[in-house]
Each structure stands twice: as C-alpha cells, then as structure tokens.
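One letter stands for each residue in the lines below.
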Amino acid sequence: DAGVIQSPRHEVTEMGQEVTLRCKPISGHDYLFWYRQTMMRGLELLIYFNNNVPIDDSGMPEDRFSAKMPNASFSTLKIQPSEPRDSAVYFCASSGTAFTNEKLFFGSGTQLSVL
Amino acid sequence: DAKTTQPTSMDCAEGRAANLPCNHSTISGNEYVYWYRQIHSQGPQYIIHGLKNNETNEMASLIITEDRKSSTLILPHATLRDTAVYYCIAAYSGGGADGLTFGKGTHLIIQP
Numbered sequence: 023d024a025g026v027i028q029s030p031r032h033e034v035t036e037m038g039q040e041v042t043l044r045c046k047p048i049s050g051h052d053y054l055f056w057y058r059q060t061m062m063r064g065l066e067l068l069i070y071f072n073n074n075v076p077i078d079d080s081g082m083p084e085d086r087f088s089a090k091m092p093n094a095s096f097s098t099l100k101i102q103p104s105e106p107r108d109s110a111v112y113f114c115a116s117s118g119t120a121f122t123n124e125k126l127f128f129g130s131g132t133q134l135s136v137l
Numbered sequence: 365d366a367k368t369t370q371p372t373s374m375d376c377a378e379g380r381a382a383n384l385p386c387n388h389s390t391i392s393g394n395e396y397v398y399w400y401r402q403i404h405s406q407g408p409q410y411i412i413h414g415l416k417n418n419e420t421n422e423m424a425s426l427i428i429t430e431d432r433k434s435s436t437l438i439l440p441h442a443t444l445r446d447t448a449v450y451y452c453i454a455a456y457s458g459g460g461a462d463g464l465t466f467g468k469g470t471h472l473i474i475q476p
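Residue numbers (the working numbering), protein chains in the order written: chain H, 23 to 137; chain F, 365 to 476.
Bear in mind the hints are in silico, worked out from the structure with no lab data behind them. Watch out, some of these pointers could steer you wrong.
Derived CB-CB ranges, DEER-like [claimed, not checked]: (1) Tyr456(F) <-> Pro30(H): 45 to 51 Å; (2) Gln133(H) <-> Ser373(F): 19 to 25 Å; (3) Glu105(H) <-> Pro476(F): 20 to 26 Å.
Negatives, chain F to chain H, calculated, CB over 10 Å [to be verified]: (4) Lys367; (5) Ile438; (6) Leu464; (7) Lys468.
Quick caveat: nothing in here was measured; it's all calculated off a predicted structure. Idealized CB from N, CA, C, for every residue including glycine.
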C-alpha cells in the first residue's frame, strides 16, 4: 500500500482565497483524521471521521474550516476564506477497523502558507 | 488521557543506545504508553506501545517501570536518521478510534 497520500505537498495562497487540501487514506481503513501543526500549538486534532461520517469536529478552529469525506477513499479540508494565521502544516492520518485501531498512519502533510 | 512529561531535548552519539525517558505518574491501569516520532518535514510515525510488560520490535524497546509511572524508549544503535522529535503518549487506545493528543515531545539529536 502507498500509505496515506496528501496533496498538494505545498500550497501558497493569498489571504481571502479558498484553499482545499486533499487526502487519500490507506485502503480498508475506517477512520480518518485531520491534524494541524504549528510551532506555537504543536499537533492539534481538528476533526475525524468513522466510515465517512464526521464524529468529532470540536477541534475545528472556526466556521471558515470545513471537512468532508464523500467516500472511503477521499477526504478534503477546506478553508474559506483563508487567513495568514492558518499557515501551518496540515496532516491527514488513517487507522484500521475498530478492532485493529492500535495506531495512526500519517501522510506527509501539506505545508500551507497564506500571505 | 494521562499527562506525560518528557525532556525538551537530548543528544546521543551515533552508534550508541538512545534512552528517552517519559514520566506518566497519573496513568490509569488500562492506559497504554505509546511512542511516535516525527522526522523533520514528515508526519508522525508509530514506534511502539505497551501496557505493563516490556516490549520490543524492529525499531525500539519499551521499558515500563513496575509501578507504571514512567517508561523509557530505547533505540539500541542510534543512527543519524533517528534524529527526530519523539512523543510519549498515555492513552486508553492507540487513537485509532478517536485520535491521539500529542505533547511537545523530546527532540533527539544524534551526533556523528
């Protein structure tokens, strides 16, 4: 398996623009997580899905952020409108079934810079 | 999940064993100790986890004290590629069902 795949690897945009980050989890995994990492706040869990259904979005910073998982092999994290303080590395992770959920597998992340 | 405390940074000579400590004095009986590491510009990577007994895999060994209030991750023969931030996490599950909370971790620097 190729692991968790995220795109783009780097994104540079201007304040006010819409940004869409993409994630393809490991095939067969039931859980998908979106994390954000900054120097100040470290790794923060934003939202996670189980079988394509959002379970907990309490970590989503504000209404400008939204996440979807239309099917088991694809998820998006959208920021609209983007702001400079959204600059961070965004990671997607997935894990297996409820009975094999011992660990998280992370993607390589998307480095987002909002100018 | 119980709070963990780790040193901010550590150095280790290449080829030597790297011993990374973690304190989790408030850990409950059914909380596991998980270790992840994050190499620069990459996503965190699972290393090992344990409950009570010592554990070993191809990456590392995990030594948990009998009272479970602390643990040590051991990289037996550190290489330059082991330079990374190492996270110790106490959790009821691997986070696969509800995510994991990452702290600041220990920045391990392997010196040539």
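*What are the numbers of the hints the structure violates, in ascending order?*
1, 3, 6 and 7
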